[in-house]
Amino acid sequence: MGHHAEAPAESTDELVVLSVSDKNKKVRTVQVHRPVPEEVSFLPALAKGLGITLKHFFGNVVARKETETIQYPEEKKPYPARNRGLHRLMLRDDDTERCVACMCCPTVCPANCITIVPAERDDKGIEKHPAVFEIDELRCVVCGFCVESCPCDAIRMDTGEHATAVEHRYESIMTKEAMMDHKSIMQPDVLAKRGSLSTAVQGGTGPKWREES
Amino acid sequence: MSELKTLILGRKNVDDPDDTDGMPNDLMTVNMGPSHPAMHGTIRIELTVDGERVVESDINPGYLHRGFEKESEHATYTQVFPYADRLNYVSPMINNVGWALAVEKLMGITELPPRLQYVRVMISELSRITDHLTCVGASAMELGAFAPFLFLVKVREWIYELLEELSGARLTHSYVRVGGVARDLTPDFCDRVTSILDRMEGVLDEAKGLLNGNKIFYDRMSGVGVFSKEDAISYGLGGPCLRACGVDYDVRKDHPYLNYDQLEFDVPVGTSGDCLDRYLVRLEEIRQSTRILRQCVAQIPEGPVMVDDPRCVMPDKSETYNTIEGMIRHFKHIVDGIRVEPGEAYTFVEGGNGELGFFIVADGTGRPWKAYCRSPSFINLQTVSKTISGRLISDIVPIFGMINMIGGECDK
Ligand code: SF4
Ligand code: SF4
Numbered sequence: 000m001g002h003h004a005e006a007p008a009e010s011t012d013e014l015v016v017l018s019v020s021d022k023n024k025k026v027r028t029v030q031v032h033r034p035v036p037e038e039v040s041f042l043p044a045l046a047k048g049l050g051i052t053l054k055h056f057f058g059n060v061v062a063r064k065e066t067e068t069i070q071y072p073e074e075k076k077p078y079p080a081r082n083r084g085l086h087r088l089m090l091r092d093d094d095t096e097r098c099v100a101c102m103c104c105p106t107v108c109p110a111n112c113i114t115i116v117p118a119e120r121d122d123k124g125i126e127k128h129p130a131v132f133e134i135d136e137l138r139c140v141v142c143g144f145c146v147e148s149c150p151c152d153a154i155r156m157d158t159g160e161h162a163t164a165v166e167h168r169y170e171s172i173m174t175k176e177a178m179m180d181h182k183s184i185m186q187p188d189v190l191a192k193r194g195s196l197s198t199a200v201q202g203g204t205g206p207k208w209r210e211e212s
Numbered sequence: 000m001s002e003l004k005t006l007i008l009g010r011k012n013v014d015d016p017d018d019t020d021g022m023p024n025d026l027m028t029v030n031m032g033p034s035h036p037a038m039h040g041t042i043r044i045e046l047t048v049d050g051e052r053v054v055e056s057d058i059n060p061g062y063l064h065r066g067f068e069k070e071s072e073h074a075t076y077t078q079v080f081p082y083a084d085r086l087n088y089v090s091p092m093i094n095n096v097g098w099a100l101a102v103e104k105l106m107g108i109t110e111l112p113p114r115l116q117y118v119r120v121m122i123s124e125l126s127r128i129t130d131h132l133t134c135v136g137a138s139a140m141e142l143g144a145f146a147p148f149l150f151l152v153k154v155r156e157w158i159y160e161l162l163e164e165l166s167g168a169r170l171t172h173s174y175v176r177v178g179g180v181a182r183d184l185t186p187d188f189c190d191r192v193t194s195i196l197d198r199m200e201g202v203l204d205e206a207k208g209l210l211n212g213n214k215i216f217y218d219r220m221s222g223v224g225v226f227s228k229e230d231a232i233s234y235g236l237g238g239p240c241l242r243a244c245g246v247d248y249d250v251r252k253d254h255p256y257l258n259y260d261q262l263e264f265d266v267p268v269g270t271s272g273d274c275l276d277r278y279l280v281r282l283e284e285i286r287q288s289t290r291i292l293r294q295c296v297a298q299i300p301e302g303p304v305m306v307d308d309p310r311c312v313m314p315d316k317s318e319t320y321n322t323i324e325g326m327i328r329h330f331k332h333i334v335d336g337i338r339v340e341p342g343e344a345y346t347f348v349e350g351g352n353g354e355l356g357f358f359i360v361a362d363g364t365g366r367p368w369k370a371y372c373r374s375p376s377f378i379n380l381q382t383v384s385k386t387i388s389g390r391l392i393s394d395i396v397p398i399f400g401m402i403n404m405i406g407g408e409c410d411k
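Chains as they are written, first to last, in numbering that gives the first Met the number 0: chain A, 0 to 212; chain B, 0 to 411.
Please note that the accuracy of each hint is not assured.
Stated by the list, open to error - Sample of chain A residues with no beta-carbon within 10 Å of chain B, all distances over it, derived:
1) Glu38
2) Ile125
3) Glu147
4) Asp152
5) Val165
6) Leu196
To be verified - When the alpha-carbon atoms are kept at most 25 Å apart in a straight line, the in silico BS3-like pairs for lysine-lysine are as follows:
7) B:Lys369 to A:Lys47
8) B:Lys104 to A:Lys22
9) A:Lys22 to B:Lys228
10) B:Lys369 to B:Lys69
11) B:Lys153 to A:Lys76
12) B:Lys385 to B:Lys331
13) A:Lys75 to A:Lys64
14) B:Lys153 to A:Lys54
15) B:Lys104 to A:Lys47
Simulated from the structure, these hints should not be mistaken for laboratory data.
Remember, it's a predicted structure, so these values are computed and weren't measured experimentally.
All C-beta atoms in this analysis are idealised placements derived from N, C-alpha and C, irrespective of residue type, glycine included.
Next comes chain A alone, as it looks inside the complex:
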């Protein structure tokens, strides 16, 4: 307050300009137009309002051109591409999990809902894998930080499905096996489009990687 150069009041179509800000000349202070008691009415305004709602009534019921309602369980709107849905664990070529149990996602998770028990993997090149990988979808706040924090693109939330209602709390816990079973958590067309293998290019780009990119 008190930063304004006084400007002569000029009236535009509806608004009275009170002042112009001196921090930004393009910002004006205007006074809203307040209906005076003569402008408000009882029956004419009701009739006008009824006209507006009747227009919608016929638009919705007869012409059906502006109906916003979706007959939900029969009709579904697909989620947008960036939607954060149920988690899934990406697979390697041999259908094992891609996760190396680096513990990034349980660390970053603000809801502490990821449980991982790491174990050694026979394949010495990879060394670690999660013996247990569970996400409690009831505690999850669907922030997507786990996906962002994974250094090997092993966890994603692009299933296009949301967590379903459950009868008992324990049913909301997704196990490793459930998250790797993409066929049963995703719609076939979504799965076909997004695949089960990671598209991340990892390792092996060689010492010249920086010059090439």
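Assemble the complex: chain A is given as a structure, and chain B with the ligands must be docked to it using the hints.
Coordinates of chain B with the ligands only, in the frame set by chain A:
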């Protein structure tokens, strides 16, 4: 007629013990809330009423207290974003932007890339529109006008869908990051904004047509909840409620942040500070946000949406996947969080309901030592007790609706 009035309103003259017309003449205490259809969010008002007239009121917020400030002390600066989303859950993007600006101020990041500034302004203004639409629509519904609510919430849904496409979640976006935003805009974002704004104008005109000239609406809003200019300033009121009293203050105008100092818009003010003025100011602000958005759509430049600062930005994924330095930086970010120099900072942005401020004390670790949120809802709520005393119980509904208290933000 006067007998009927006495029957409905209780005693005509409180001081006259004989003027009771056979009604009990002692005061009665009733609880309004904590879960009352006309209460936005969970809040309880302990009313002492004389007939239908409010003599005294005691407002009890806190039913939605999640401990945002304490919780933030245990979260890294990035992990606060999901919590900030849930403060004012009707306009989460503004909270995100406010928190990010506070941390950036602490880190001394003052130069944001131009595209990022435009993106943040656009998402803030979209959120402001959703906030005002909800407030106007819900208040109209509580006064018995159901159609405007449906029309306005329809528009709100279009905007939520747009923000869902952008961020991945309809309401709890967690889209902003310290030093930028999580991802660039979707390719058709600007076109979608324009098309939504075009369609919104028609809907707003319809809603105005239903409400503005209507005597029922006018009588229930006009002269109700009057707050004087001086009181508004001394209570620290903010946002549309403050401007409705005729105080010419808007953070975007008086303390411009991001690139608000280059955009053209008007700040609407009212004259009498009653509920009708608050409603009119909100409607006009929706129109002004539309103007800002159209300018942004026309002017938004290409470029990065993240600052180039390794202190707060996670390395690019290809770097994480392929280089040991990138991998170490990635892990450092996750394990330590964003290390912020010791110091304290306060930033404030224009939220949907007023000045939304974040105060952070940093101790050099990746987590705030203390975080404080100046939540506009909490401050605006203080005025309710004053404005409803002496009024009818039915006046609480428009007063409360136009204060637009959001439980999550008020109770933190
Ligand atoms: S989405 Fe967020 S809350 Fe849910 S598991 Fe991932 S990090 Fe945790
Ligand atoms: S961040 Fe990725 S690799 Fe690491 S534990 Fe989580 S899913 Fe596995």
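Q: Would you mind confirming whether the straight-line C-alpha gap from lysine 153 (chain B) to lysine 76 (chain A) stays at or under 25 Å?
A: Given pair lysine 153 (chain B), lysine 76 (chain A) holds - Cα atoms ~16 Å apart, limit 25 Å.
Q: For the pair we were handed, lysine 75 (chain A) and lysine 64 (chain A), check the Cα-Cα distance against 25 Å.
A: Given pair lysine 75 (chain A), lysine 64 (chain A) holds - Cα atoms ~18 Å apart, limit 25 Å.
Q. For the pair supplied as a hint, lysine 385 (chain B) and lysine 331 (chain B), is the alpha-carbon distance within the 25 Å limit?
A. Distance ~51 Å between lysine 385 (chain B) and lysine 331 (chain B) Cα, so the pair is violated.
Q: May I ask you to check that valine 165 (chain A) keeps its beta-carbon over 10 Å from the closest beta-carbon of chain B?
A: Label holds. Min Cβ-Cβ 20 Å, cutoff 10 Å.
Q.
Quick check for students: does the CB of leucine 196 (chain A) sit more than 10 Å from each CB in chain B?
A. Fine: 15 Å to the nearest Cβ keeps leucine 196 (chain A) off the interface.
(Q) Is the claim that glutamate 38 (chain A) lies outside the interface with chain B correct, judged by CB distances over 10 Å? (A) Contrary to the label, glutamate 38 (chain A) does not stay out of reach of chain B, its closest Cβ about 6 Å off (not over 10 Å).
Q | 10 Å cut-off, C-beta based - isoleucine 125 (chain A) kept clear of every residue in chain B | A | Holds, since 15 Å exceeds 10 Å.
Q. Regarding the pair lysine 369 (chain B) and lysine 47 (chain A), is the alpha-carbon distance no greater than 25 Å?
A. Distance ~55 Å between lysine 369 (chain B) and lysine 47 (chain A) Cα, so the pair is violated.
Q: Against chain B, does glutamate 147 (chain A) hold up as non-interface, every C-beta pair farther apart than 10 Å?
A: Non-interface label on glutamate 147 (chain A) violated, nearest chain B Cβ at 7 Å vs cutoff 10 Å.
**Q.** 25 Å Cα cutoff - pair lysine 104 (chain B), lysine 22 (chain A)
**A.** 21 Å, holds
Q) CA of lysine 153 (chain B) to CA of lysine 54 (chain A), is that 25 Å or under? A) 16 Å, holds
Q: Could you grab the alpha-carbon distance between lysine 22 (chain A) and lysine 228 (chain B) and see if it respects the 25 Å cut-off?
A: 23 Å, holds
The structure is inconsistent with the numbered hints 1, 3, 4, 7, 12 and 15, although it conforms to all the rest.
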